[in-house]
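Peer 1: Next come the chains, spelled out residue by residue.
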Amino acid sequence: MSALRIAQEEKGWLSSETIEFVAKYLEMPAIAVYEVASFYNMYDLSPVGARKITVCTNLPCALSGGVHAADYIKKRLGIDFNETTPDGKFTLKEGECMGACGDAPVLLVNNHHMCSWMTEEKIDQLLEDLKK
Amino acid sequence: MSSQGIILSGLDGDRTWRLADYIKRGGYEALKKIIAEKISADDVIAEVKKSSLRGRGGAGFPTGLKWSFMPRAFPGAKYLACNSDEGEPGTFKDRDILRYNPHSVIEGMIIAGYAMGCERGYNYIHGEIFEVYSRFEEALQEAREAGLLGKNILGSDFSFDLFAHHGYGAYICGEETALLESIEGKKGQPRFKPPFPASFGLYGKPTTINNTETFASIPYIIREGGDAFLALGKPNNGGTKLFSVSGHVNKPGNYEIPLGTPFADLLEMAGGVRGGRKLKAVIPGGSSAPVLPASIMMDCTMDYDSISKAGSMLGSGAVIVMDESTCMVKALERLSYFYFEESCGQCTPCREGTGWLYRVVHRIENGLGRPDDLDLLNSVTANIMGRTICALGDAASMPVQSFIKHFGDEFAFHIEHKKCLVPQDVQREGSKIYVA
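Protein chains in written order, with my numbering: chain A, 1 to 132; chain B, 1001 to 1436.
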């Protein structure tokens, strides 16, 4: 799993070539690696933008504005969930529980960087920073 | 974060996760005591049994008893695993423990390794909190450099090493056997039980899996004694516990309080219900626990026995608070979607059943409900429960059954009038972006 994570960090997403490369490196059948890559939802099996933003909309987050935050980002970026902006900069995803419900609204940037208490102003600031 | 307890207390410095800070708080004294006084493994387990510590992950199984299931004289490797794969909607306590007090978990695991004769442990950390995983790795390094972890701990003949492992987005890996599969580098699909992990666990070897908070409670029990821990809570419900309060409260967050504290007190600590609105319902133990209406909940105390008597579960201690602006159909729709999305697909009743549950609740929410839909939902849950390898099927069913049981009128209204009992603008206002 770590090998796939590292490969994804380097390549941006996991193509079948990348998965086969990881399999060869680990001396495992490619299908076994593909099974893992397709099972865990933080692996991307299709191209994503330079910045992938995942917003949690599960119930505890939704009660504190998770859905509003997601709607606001959609409006700002002009895309829906699972879409990428035409310039290839941003992809928006809907996420499941990230284990940070007390910090709602919560979103993840490129899987690893968690942003808490995302008000509209903070979202504006974040998008500005990420454009650079 | 507020604490009247032992895990999150004293965390007021700015680098509380550092080893030096932990030692200042009395950290690693329990381990040193065991090594210096050559306390036997049996005595350590006896102390944990005396404390009446119950598993903090959700099931509430007595920890000392679980430890005693590990075979004593097994020739070969035995493993220890820590379940920090916290992804149950509403639960966010392990993240704070690992962020602010990681060494309490490390010390707890070393002591557990000593008590059960394991030489190697893994901490499986939820993928989404990757920054916490990185910090835990640093803490492990600190412990190794201080001779607290690794070969011949503190000059004794006891060796134990610990490794961090991260998930990558799969709720099901919080199920203990799925977690083991995942550490082995496979898809996280639960295994048949029996054999139980204590006889056939990680890589086929005897393994014990405990929750993060459970391990974090161990140092106190050894340092101060099992009786002292038990006295913090109430009989059969030893100690303090972290409650993650989320949803419609003024101050969401983690609160560590003695087991047996009235729910009303916890709600007050969390700042009460937002905007002066009325409490409608509470899910007291994470999204899988049956929902309870306000009237029942206000009479409960926060411990395993009281919540169970009221018809729900204390679970992981995740308290999701919903006020009168909440549409119960919509709330259930979101939870059902979660279980549909996270079902691992191994057992047919769960794979297909969670889809049925979501689609039927979804059509009720969207004004397409049919008169016999509530019966249909109950019949689908009856066909899931008890017919799957792991508890995810039950976890998906219990919210559906309890929402219908306690808020059936609201569902019926939805079906009949094709709209919410709670006006849309009230819902929107109640669940807008809220930052304390």
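It is worth saying that the hints were derived from the structure and are not from the lab.
C-beta atoms are modelled at their ideal positions from N, C-alpha and C, and glycine is treated no differently.
A portion of the hints provided could be inaccurate.
[Claimed, not checked] One side only, chain A facing chain B, incomplete, derived with CB under 10 Å: (1) A30; (2) E35; (3) P47; (4) N58; (5) Y72; (6) T84; (7) G102; (8) P105; (9) V106; (10) L108; (11) D124; (12) E128.
[To be verified] Pulled from the structure, derived: some chain B residues nowhere near chain A, Cβ distances all over 10 Å: (13) S1009; (14) D1012; (15) D1014; (16) S1068; (17) S1156; (18) P1235; (19) G1260; (20) A1331; (21) R1334; (22) P1371; (23) E1410; (24) V1426; (25) S1431.
Peer 1: Next, verify each hint and record whether it holds.
Peer 2: Here's how the hints hold up against the structure:
Taking 10 Å as the C-beta cut-off, the interface hint given for A30 (chain A) is violated, the closest approach to chain B being about 14 Å. Annotation: E35 (chain A) was flagged as interfacial toward chain B, and the flag holds, the nearest CB pair being 5 Å apart, inside 10 Å. Of the supplied interface hints, the one on P47 (chain A) is violated, with its beta-carbon coming no nearer than about 18 Å to a beta-carbon of chain B, more than 10 Å. The closest approach between the C-beta of N58 (chain A) and any C-beta of chain B is roughly 5 Å, which is under the 10 Å cut-off, so the hint is satisfied.
A least Cβ separation of about 8 Å between Y72 (chain A) and chain B falls short of the 10 Å threshold, and the interface hint therefore holds. Taking 10 Å as the C-beta contact cut-off toward chain B, the hint placing T84 (chain A) at the interface is violated, the least distance being around 19 Å. With a cut of 10 Å, the hint placing G102 (chain A) at the interface with chain B holds, because the nearest CB-to-CB distance is about 4 Å. With a cut of 10 Å, the hint placing P105 (chain A) at the interface with chain B holds, because the nearest CB-to-CB distance is about 6 Å.
Of the supplied interface hints, the one on V106 (chain A) holds, with its beta-carbon coming within about 9 Å of a beta-carbon of chain B, less than 10 Å. Among the interface hints, the one on L108 (chain A) holds; its C-beta lies about 6 Å from the nearest C-beta in chain B, closer than the 10 Å criterion. The beta carbon of D124 (chain A) is not positioned within 10 Å of any beta carbon in chain B (closest approach about 13 Å), and the interface hint is therefore violated. Interface restraint check: E128 (chain A) against chain B, minimum CB-CB distance 18 Å, threshold 10 Å, status violated.
Chain A leaves S1009 (chain B) outside its interface by the beta-carbon criterion, the shortest separation being 18 Å against a cut-off of 10 Å. Every C-beta of chain A lies more than 10 Å from that of D1012 (chain B), the closest at about 18 Å, which supports listing it as non-interface. Non-interface status of D1014 (chain B) relative to chain A is upheld: no Cβ of that chain comes within 10 Å, the nearest being about 18 Å off. Remark: the non-interface label on S1068 (chain B) is consistent with the geometry, its nearest Cβ contact in chain A lying 30 Å away (cut-off 10 Å).
S1156 (chain B), annotated as away from the interface, keeps every beta carbon of chain A farther than 10 Å; the closest lies near 32 Å. No beta-carbon of chain A is positioned within 10 Å of the beta-carbon of P1235 (chain B); the least distance is around 30 Å. No Cβ of chain A approaches the Cβ of G1260 (chain B) within 10 Å, the least distance being about 23 Å, so the stated non-interface status holds. Non-interface status of A1331 (chain B) relative to chain A is broken: a Cβ of that chain comes within 10 Å, the nearest being about 6 Å off.
Some Cβ of chain A comes within 10 Å of the Cβ of R1334 (chain B); the nearest lies about 5 Å off, and the non-interface call is violated. For P1371 (chain B), the condition that its CB be more than 10 Å from all CB atoms of chain A holds, with the nearest at approximately 27 Å. For E1410 (chain B), the requirement that its beta carbon stay farther than 10 Å from each beta carbon of chain A is met, with the minimum near 16 Å. Look at V1426 (chain B): its CB is around 13 Å from the nearest CB on chain A, clear of 10 Å, so calling it non-interface holds up.
Non-interface status of S1431 (chain B) relative to chain A is broken: a Cβ of that chain comes within 10 Å, the nearest being about 5 Å off.
Of the numbered hints listed earlier, those contradicted by the structure are 1, 3, 6, 11, 12, 20, 21 and 25.
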